[in-house]
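A.B. asks: All chains, please: the whole structure from these sequences, using the hints.
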Amino acid sequence: MVHTQSMSLTELHLALLLPGPRHGYEVKKEHDAWFPDAKPLAFGQVYATLGRLVRDGLAEVVETRTEGGPERTVYAVTDAGRQRLEEWLTEPAPPAGTGPEDIVRKTVVALRAARGEGAARQVVLRQRTAHLRRMRELQGLDGADTDVALHLARRHAVLHLDADLRWLDEAVDSLSRPANAPATPPDAPPAGAPELGPLEETR
Amino acid sequence: MNAPAVELVGVSHSYARTPALQHVSLSVVPGEVVAVTGPSGCGKSTLLHVAAGLLRPQEGRASLLGQDLHHLDETARAVLRRREVGIVLQYGQLVPDLPLLDNVALPLLLDGGDLAQSRTAAQEALERVGLQDAAQAVPAEVSGGQAQRAAVARALITSPRVLFADEPVASLDPAGARQVLGLLMSAARLGGAALVLVTHDNTVAALADREVRLRTGSIEHEAVLR
Numbered sequence: 507m508v509h510t511q512s513m514s515l516t517e518l519h520l521a522l523l524l525p526g527p528r529h530g531y532e533v534k535k536e537h538d539a540w541f542p543d544a545k546p547l548a549f550g551q552v553y554a555t556l557g558r559l560v561r562d563g564l565a566e567v568v569e570t571r572t573e574g575g576p577e578r579t580v581y582a583v584t585d586a587g588r589q590r591l592e593e594w595l596t597e598p599a600p601p602a603g604t605g606p607e608d609i610v611r612k613t614v615v616a617l618r619a620a621r622g623e624g625a626a627r628q629v630v631l632r633q634r635t636a637h638l639r640r641m642r643e644l645q646g647l648d649g650a651d652t653d654v655a656l657h658l659a660r661r662h663a664v665l666h667l668d669a670d671l672r673w674l675d676e677a678v679d680s681l682s683r684p685a686n687a688p689a690t691p692p693d694a695p696p697a698g699a700p701e702l703g704p705l706e707e708t709r
Numbered sequence: 011m012n013a014p015a016v017e018l019v020g021v022s023h024s025y026a027r028t029p030a031l032q033h034v035s036l037s038v039v040p041g042e043v044v045a046v047t048g049p050s051g052c053g054k055s056t057l058l059h060v061a062a063g064l065l066r067p068q069e070g071r072a073s074l075l076g077q078d079l080h081h082l083d084e085t086a087r088a089v090l091r092r093r094e095v096g097i098v099l100q101y102g103q104l105v106p107d108l109p110l111l112d113n114v115a116l117p118l119l120l121d122g123g124d125l126a127q128s129r130t131a132a133q134e135a136l137e138r139v140g141l142q143d144a145a146q147a148v149p150a151e152v153s154g155g156q157a158q159r160a161a162v163a164r165a166l167i168t169s170p171r172v173l174f175a176d177e178p179v180a181s182l183d184p185a186g187a188r189q190v191l192g193l194l195m196s197a198a199r200l201g202g203a204a205l206v207l208v209t210h211d212n213t214v215a216a217l218a219d220r221e222v223r224l225r226t227g228s229i230e231h232e233a234v235l236r
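The listed protein sequences correspond, in order, to chains A and B. The working numbering numbers the first residue of the first sequence as 507 and each following residue consecutively. The working numbering numbers the first residue of the second sequence as 11 and each following residue consecutively.
Among the hints, a few may not be true.
[What the hints assert, rightly or not] Per label pair, the in silico range of CB-to-CB distance: (1) A:654 / B:234: 29 to 39 angstroms; (2) A:665 / B:28: 32 to 42 angstroms; (3) B:234 / A:657: 24 to 34 angstroms; (4) A:658 / B:154: 55 to 65 angstroms; (5) B:200 / A:657: 41 to 51 angstroms; (6) A:657 / B:199: 42 to 52 angstroms.
[Unchecked claim] Heads up, incomplete: computed chain A residues facing chain B, CB under 10 angstroms, no partners named: (7) 631; (8) 637; (9) 640; (10) 642; (11) 658; (12) 662; (13) 664; (14) 665; (15) 668; (16) 671; (17) 672; (18) 678.
Derived from the structure by calculation, the hints contain no laboratory data. Glycine is no exception: its CB is placed at the ideal position from the N, C-alpha and C atoms.
C.D. replies: This is how it looks when you write it as structure tokens:
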């Protein structure tokens with residue numbers, strides 16, 4: 507699941523209104539199309555955010571449509587909303603990694619809550635599997651070959667999972683080593699290991 | 011349940027006094043992709059060598075396509091590998107002096123194939139990996155990615171039922187890696203080959219159906235990923 511929750515909901519909704527006036531259902535649908543791997547936006551979240559945008563003068567209600575169904579309020583972005591979005595795009599996002607995430611918290615809790623290294627190792631190994639499964643899902647999804655935005659969003663998710671997996675690999679190594687033992691040395695063929703010549707692989 | 015294409019039962023092997031594999035059992039069925047992972051020096055490559063019949067383990071049993079490798083002499087094992095097994099290594103291991111066309115034709119020629127027919131098949135194999143225009147180049151004249159694709163073409167030319175790949179994309183850029191992995195995965199997913207993929211790269215391991223993680227020569231963890 508790609509999480510868009512950390513992205514400012516305010517600016518995300520402003521961006522979704524930018525192509526033209528929309529009601530809440532259209533905003534939700536557009537969000538889910540932009541971020542197909544993400545958790546779908548909840549209707550309650552959409553309407554609460556649109557209400558805040560209107561309150562803060564960043565969006566306005568331009569009409570109420572019925573269209574044979576329930577009454578729908580149509581929102582449009584204001585000049586102040588456009589400016590806010592522009593400022594947000596100009597400002598780099600804070601780099602991630604400034605606090606412990608759940609995978610770190612769980613490992614630390616397993617270690618510190620008197621469960622020991624064996625329990626922590628199991629936590630880490632289970633997490634590795636969960637991460638690999640999610641990475642497999644993401645890498646197997648279609649559509650990213652022709653849609654550069656989707657490709658970039660998906661690669662971001664995959665590379666973040668990869669970064670987590672590297673940490674998890676280090677964690678397994680640390681939890682599997684006797685205290686004070688050095689880290690695994692760089693790869694080198696063990697003495698006596700067979701060397702494959704150019705032809706041998708075909709024989 | 012399909013019979014295993016690759017099977018190791020209680021395999022142990024040491025180099026001098028250093029244990030490389032300890033009581034490892036593993037089976038891979040046709041069409042299955044298994045990633046073998048683990049830290050450097052954990053026994054991944056030794057496992058591949060044993061499974062491919064390139065190394066006779068000191069203990070345990072290794073079978074390929076139902077044939078116990080212990081009961082085959084070196085010639086019989088070589089014939090089995092040549093006809094039914096494709097192997098791709100990190101740096102391709104092409105013959106430096108031969109053009110790509112003849113490198114790819116080698117498995118057929120070593121099996122007594124006709125030169126013209128083998129070259130025709132090799133040209134077709136090179137076309138499948140997008141190297142039809144580099145057939146007459148020697149390995150030093152092409153990029154690492156192209157050489158690796160030629161190595162994959164050579165591994166696939168006999169339509170092997172078993173594929174072993176040892177860090178096949180570790181020396182490639184992302185685009186080259188995608189191409190090579192695509193070819194190997196197609197051989198398993200569409201061609202039904204059993205694929206054993208040794209890798210330290212988690213994005214590669216995540217393509218597999220199953221991960222087998224080694225540590226100090228033993229299986230530390232095994233997980234179904236699909």
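A.B. asks: Are the hints correct? Go through all of them and say.
C.D. replies: Evaluated hints:
1. At about 33 angstroms, the beta-carbon gap between residue 654 of chain A and residue 234 of chain B stays in the expected band of 29 to 39 angstroms.
2. The hinted range of 32 to 42 angstroms is satisfied by residue 665 of chain A and residue 28 of chain B, whose Cβ atoms lie roughly 36 angstroms apart.
3. About 28 angstroms separates the C-beta atoms of residue 234 of chain B and residue 657 of chain A, a value consistent with the hinted range of 24 to 34 angstroms.
4. Here the CB-CB span from residue 658 of chain A to residue 154 of chain B is close to 26 angstroms, at odds with the stated 55 to 65 angstroms.
5. Residue 200 of chain B and residue 657 of chain A have their C-beta atoms about 24 angstroms apart, which leaves the hinted 41 to 51 angstroms range violated.
6. Under the hint 42 to 52 angstroms, the C-beta atoms of residue 657 of chain A and residue 199 of chain B, about 22 angstroms apart, miss the expected range.
7. This hint holds: residue 631 of chain A has a C-beta 5 angstroms from the nearest C-beta of chain B, less than the 10 angstroms allowed.
8. At its closest, the beta carbon of residue 637 of chain A sits 8 angstroms from a beta carbon of chain B; the interface hint therefore holds under the 10 angstroms criterion.
9. For residue 640 of chain A, the shortest C-beta to C-beta distance to chain B is roughly 8 angstroms, which falls under 10 angstroms, so the interface hint holds.
10. The interface hint given for residue 642 of chain A is met, as the beta carbon of that residue sits about 4 angstroms from the closest beta carbon of chain B, less than 10 angstroms.
11. Checking residue 658 of chain A against chain B by beta carbon gives a least distance of about 14 angstroms; that is not within 10 angstroms, so the hint is violated.
12. Violation of the interface hint for residue 662 of chain A is found here, the shortest Cβ-Cβ separation to chain B being roughly 13 angstroms, above the 10 angstroms cut-off.
13. Proximity of residue 664 of chain A to chain B holds as hinted, the smallest CB-CB distance being about 6 angstroms (cut-off 10 angstroms).
14. Among the interface hints, the one on residue 665 of chain A holds; its C-beta lies about 8 angstroms from the nearest C-beta in chain B, closer than the 10 angstroms criterion.
15. Given hint, residue 668 of chain A at the interface with chain B, holds; its Cβ is 5 angstroms from that chain's nearest Cβ, closer than 10 angstroms.
16. Because the closest C-beta pair between residue 671 of chain A and chain B is about 4 angstroms apart, less than 10 angstroms, the hint holds.
17. Given the 10 angstroms rule on beta carbons, the hint for residue 672 of chain A holds: about 7 angstroms separates it from the nearest Cβ of chain B.
18. Taking 10 angstroms as the C-beta cut-off, the interface hint given for residue 678 of chain A holds, the closest approach to chain B being about 8 angstroms.
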